[in-house]
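S.K.: Spelled out, the chains give:
There are 2 protein chains.
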Amino acid sequence: MKKVPIGVSARHIHLSSEHVKQLFGDGAELTVFKPLSQPDQYAANETVAVHGPKGSFAKVRILGPVRKESQLEVSRTDAFALGVNPPVRESGKIEGTPGIRIVGPAGEVTLDKGVIVAARHIHFHTLDAERWGIKDKQILRVRVGGDRGVVFEQVLARVSEQFALDMHIDTDEGNAAGLATGEFGEIID
Amino acid sequence: MKKVPIGVSARHIHLSSEHVKQLFGDGAELTVFKPLSQPDQYAANETVAVHGPKGSFAKVRILGPVRKESQLEVSRTDAFALGVNPPVRESGKIEGTPGIRIVGPAGEVTLDKGVIVAARHIHFHTLDAERWGIKDKQILRVRVGGDRGVVFEQVLARVSEQFALDMHIDTDEGNAAGLATGEFGEIID
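As you go down the protein sequences, you meet chains A and B in turn.
With this note's numbering applied, the first sequence has no gaps in its numbers, which climb one by one up to 1004 at the end.
With this note's numbering applied, the second sequence has no gaps in its numbers, which climb one by one up to 1004 at the end.
Stretch by stretch, here's where chain B covers chain A in the computed footprint (C-beta under 8 Å, at least three residues):
(1) 887-893
(2) 967-981
(3) 988-999
Hints in this document: simulated from the structure, not taken from any laboratory.
Positions of the beta carbon are idealized from the N, C-alpha and C atoms, including for glycine.
Could you build the full structure based on these sequences and the hints that come with them?
M.R.: What follows is the structure, given as C-alpha cells:
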C-alpha cells in the first residue's frame, strides 16, 4: 500500500527578495515561525495583506525562503472572495495568471501576475519514488476514506532528492474530503 | 453512461413556520425568489444573519417551503469561519448537531441544534432510479473530470416520485472539483 501523509495548505504567499524589501523595508528579512514538511521550507513570522477587486485578506502567511518570483496561492473559495479568477497551476508556472495588490508594514506591491490555485501534488523523495515505481511529472490518483471519501485524480508527482514524502492539497480539497493535516491518502495508481 | 447534473449548494437555511414568524414578524411568509431543481422547492427573497462563536454571515438565503425543523447547511469552510463543528449529515437528521443564533428583521432565534454539513447526495426520480437499477439509500460513486478531476464516494441515493434528477454537493466539494452548477458527473457504481 502506497500511503502518503496529506498536508492541507491554507492560503499563503511566496515573495521575491525585492518584494520583501518593498513590503518590509530595506534590510528586512523573513524570520522562521515554523518549519514545513519540505526541507528548508518554513512559515515565516511575517504576514501581508492582499487586496483583490472584491475582497481582502488581512493576514496572509509568507512561506520562505524567498523565491525568484512572488506567488499567491489561494483556494477557489478564497479566489471568489477576492474577486480574481486564477487557473489551477503547478507552483512557479505563473505566466498569464491574475495579479493582486500586496500591502506590508513598509510599503506595497502590485503584482501583474502570480495568483494561482495550486494543482494538487505529491512531493516524493527520489527513494520513495523508486520504491513505488513513480516518475517525476506522473499523474496519480489518491484515495481518502471516511464519510466524505474522495479519490483525487490529476495528482502531480514531483520527485527530488530535496523533497520529503507529502501530498499537498488546498483547504477546499481538504474540506471536501473531511481531511485535516496529518491524515493519510493511498496512491491507487 | 449514468450522467447526472450537479448543483453546487451555497450555505443556506431551512426554517420552521414558527421561526419564520419569530424572525420576520407575525403573519410573515416566505416569498419566492427563484425555483430550485426539486419540484416545489425555492430560494426565498428573505435572508437571515447567522452568528456563531467565532464569526457571522450577514445574508444567508432561506430555502422554502417551511419545514418541520429549522436547519442551517454550511460548508466545512463556513463552519470554521462560524466557529462551529457540525457533522456530515443527511438533511433532516439534526439530532446531536450544534446550534446557532439566527437574526431576522423582526427578531431572533437561538437554535439548540440544526447546523449540518450536508452529506453529498443525488435526488433520483423513481423512473431514473429504476432505469439505472439504483435503490433508495444506496451509496454511489460519482466521477467528475477536468483538471481537478475527483471521484466522490459516499454519495447517498435518494429516490422519490417527488424528485428530479440532480446531485447536490457543497461549495467546498464544488471548488475542490473545479465545478460549477450546470456541469455533470458520471455515476460509476
